[in-house]
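The numbering used here applies: residue 1 is where the sequence shown begins, and numbers increase by one.
For the record, the hints were derived by calculation from the structure and aren't laboratory data. The C-beta atom is built at its ideal place from N, Cα and C for all residues, glycine as well. Hints are supplied without guarantee of correctness; some may be wrong.
[As the list claims (entries may be wrong)] With beta-carbon atoms standing in for the labels, derived distance ranges:
{"#": "1", "residue 1": "52", "residue 2": "26", "range": "18 to 26 Å"}
{"#": "2", "residue 1": "12", "residue 2": "50", "range": "28 to 36 Å"}
{"#": "3", "residue 1": "49", "residue 2": "9", "range": "27 to 35 Å"}
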Amino acid sequence: MISHFQCKPIHSSKLLGWSISFFYNGRLIVGTYRRDGQIEWDQNPPSPEELEIVSKAIHELMLFHVYDGS
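Start from the sequences and build out the full structure, keeping to the hints where you can.
Structure representation (structure tokens):
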């Protein structure tokens, strides 16, 4: 389960994407979410078994936090 999700623009224009961080199964994961939906994992990437679940959850959170204007 993802908790303490945070995202902030890398640059004021948001052209470069967003820096994201969150906890998953008690482990801090840090990455970059690009405008095209690509996720680059910077610290503690999800395991291959977790990757699809975590990526889908991040896409949904980004839709809520960024693209829906909430």
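*Against the structure shown, which of the earlier numbered hints fail to hold, in ascending order?*
Of the numbered hints given earlier, the structure breaks none, since each of them holds.
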